[in-house]
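Number of protein chains: 2
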Amino acid sequence: MSTRTTTGPTRVRDPEGTRRKILAAALQEFSAKGIDGARVDAIAARAGVNKQLLYYYFESKAGLFRAVLRERLAERAPEAAAADRTGPSRLADLQDRLAAAPDWIRLLMWEALEHSGRSAVEQAAIRRGTLQQWIEAVEAAQADGALPADLDARQFVLSELGAVLFPLAFPQLTRLVTGRSPTSPEFLAERRAFLEEFGTLLTR
Amino acid sequence: MSTRTTTGPTRVRDPEGTRRKILAAALQEFSAKGIDGARVDAIAARAGVNKQLLYYYFESKAGLFRAVLRERLAERAPEAAAADRTGPSRLADLQDRLAAAPDWIRLLMWEALEHSGRSAVEQAAIRRGTLQQWIEAVEAAQADGALPADLDARQFVLSELGAVLFPLAFPQLTRLVTGRSPTSPEFLAERRAFLEEFGTLLTR
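Those protein sequence lines, which keep their order, are chains A and B. For the first sequence, the numbering used here assigns the number 1 to the initial residue and increments by one for each residue that follows. For the second sequence, the numbering used here assigns the number 1001 to the initial residue and increments by one for each residue that follows.
Pulled out of the complex, with its shape left as it was, chain A reads as follows (with noise of 0.2 Å):
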């Protein structure tokens, strides 16, 4: 048996399952109450770890948000890489793929009420490339004659988005509109339904 007090940072046994362990505990702390709200504290419980162990590995509350930011935004990347952003099912395919990740949408929430309007956004660079893959496929679409050349495509993308994104955000005005919860599986086959005609009125 090791004697406790010797047991630092630098000598956990499993560095890699405890920095997941510590992510994991993260993303749900974060998702529930958001970044300000968050508490450490609760974060190292919820790991089984102690609070210097986190700090050491994330240095403060800010550094773990961005790691587990990070850590999102690589585990979606191939997905989004490989959406299909112009064709028929685009705004289906894309509903069913963030219908699957409600703590995603939860942290985007968080961070738009947190975000002020002068500071810089987290991990900008990697989310600003794979939001320039997606207006690119438009622009080349719109080239193509297969979406409307004269709409503006980021201004197309940001409407795509929000199109599928704004019932899952916002689900008491989902149920004051349509009487379903977002995440009901009769709202989500109704929208998916509407969603590919809506797209496709945009390409006929």
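No wet-lab data here; the hints were simulated from the structure. Where is the CB? At the ideal position from N, CA and C, for every residue including glycine. Do not take every clue at face value.
As the list claims (entries may be wrong) - Computed list of lysine to aspartate or glutamate pairs in EDC-like fashion (alpha-carbon distance at most 20 Å, straight line): (1) B:LYS1061 x B:ASP1041; (2) B:LYS1061 x B:GLU1114; (3) A:LYS33 x B:GLU1111; (4) B:LYS1033 x B:GLU1122; (5) A:LYS21 x A:GLU71; (6) B:LYS1051 x B:ASP1041; (7) A:LYS51 x A:ASP41; (8) A:LYS33 x A:GLU111; (9) A:LYS33 x B:ASP1036; (10) B:LYS1033 x A:GLU114; (11) A:LYS33 x B:GLU1114; (12) B:LYS1033 x A:GLU111; (13) B:LYS1033 x A:ASP36.
Unchecked claim - Computed list of chain B residues with no C-beta within reach of chain A, every gap over 12 Å: (14) VAL1012; (15) GLY1017; (16) ASP1041; (17) ARG1046; (18) ALA1074; (19) ALA1081; (20) GLY1087; (21) SER1089; (22) ASP1096.
We have chain A already, so just place chain B on it with the hints.
Coordinates of chain B only, in the frame set by chain A:
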């Protein structure tokens, strides 16, 4: 000079003015920190009243939030009722109304994050009434052939609301996609032009 100890809630000289001051302070605090994060102490201090008086008028923090929401809904009702829901400028006009109400958008976001799937939506009857008028206007336009008849009217309303609200609600995503802040005059002008065109695509 009156003795402070005998000045109870029933002796307030301008009850309506005091109520307004509390509601204005509460709107600021809820919009900045959400319902969970808002502190009744801070609201009382901002309004310049004592906490007992606040509880006398509104009973609880939840009661105060309901009153703020009811008040904002009542203020917005005349504009919403008069709005053109189906004409070519409908989206641009909706943007003008929503861009002027950033505190309202933040309240909706906090409500979304703090709303659990099973809980009732605050002031649901009033809100559903306003939305129902909108849905009926869309259905009438569909019957007249001014909007495509095969689109689900509720999903259509949800989408049009999202097309305008989404960029304003997620400033960081708007900046990543367009390079602009959604509250900047440049963004609002660019978005307005896009929304006019986008809305027309659905009606041609």
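Hints and how they fare:
{"no.": "1", "hint": "B:LYS1061 x B:ASP1041", "in the structure": "holds, 10 Å"}
{"no.": "2", "hint": "B:LYS1061 x B:GLU1114", "in the structure": "holds, 14 Å"}
{"no.": "3", "hint": "A:LYS33 x B:GLU1111", "in the structure": "holds, 13 Å"}
{"no.": "4", "hint": "B:LYS1033 x B:GLU1122", "in the structure": "holds, 18 Å"}
{"no.": "5", "hint": "A:LYS21 x A:GLU71", "in the structure": "holds, 13 Å"}
{"no.": "6", "hint": "B:LYS1051 x B:ASP1041", "in the structure": "holds, 6 Å"}
{"no.": "7", "hint": "A:LYS51 x A:ASP41", "in the structure": "holds, 6 Å"}
{"no.": "8", "hint": "A:LYS33 x A:GLU111", "in the structure": "holds, 11 Å"}
{"no.": "9", "hint": "A:LYS33 x B:ASP1036", "in the structure": "holds, 10 Å"}
{"no.": "10", "hint": "B:LYS1033 x A:GLU114", "in the structure": "holds, 9 Å"}
{"no.": "11", "hint": "A:LYS33 x B:GLU1114", "in the structure": "holds, 9 Å"}
{"no.": "12", "hint": "B:LYS1033 x A:GLU111", "in the structure": "holds, 13 Å"}
{"no.": "13", "hint": "B:LYS1033 x A:ASP36", "in the structure": "holds, 10 Å"}
{"no.": "14", "hint": "VAL1012", "in the structure": "holds, 34 Å"}
{"no.": "15", "hint": "GLY1017", "in the structure": "holds, 31 Å"}
{"no.": "16", "hint": "ASP1041", "in the structure": "holds, 18 Å"}
{"no.": "17", "hint": "ARG1046", "in the structure": "holds, 19 Å"}
{"no.": "18", "hint": "ALA1074", "in the structure": "holds, 17 Å"}
{"no.": "19", "hint": "ALA1081", "in the structure": "holds, 16 Å"}
{"no.": "20", "hint": "GLY1087", "in the structure": "holds, 17 Å"}
{"no.": "21", "hint": "SER1089", "in the structure": "holds, 16 Å"}
{"no.": "22", "hint": "ASP1096", "in the structure": "holds, 17 Å"}
In summary, this structure violates none of the numbered hints.
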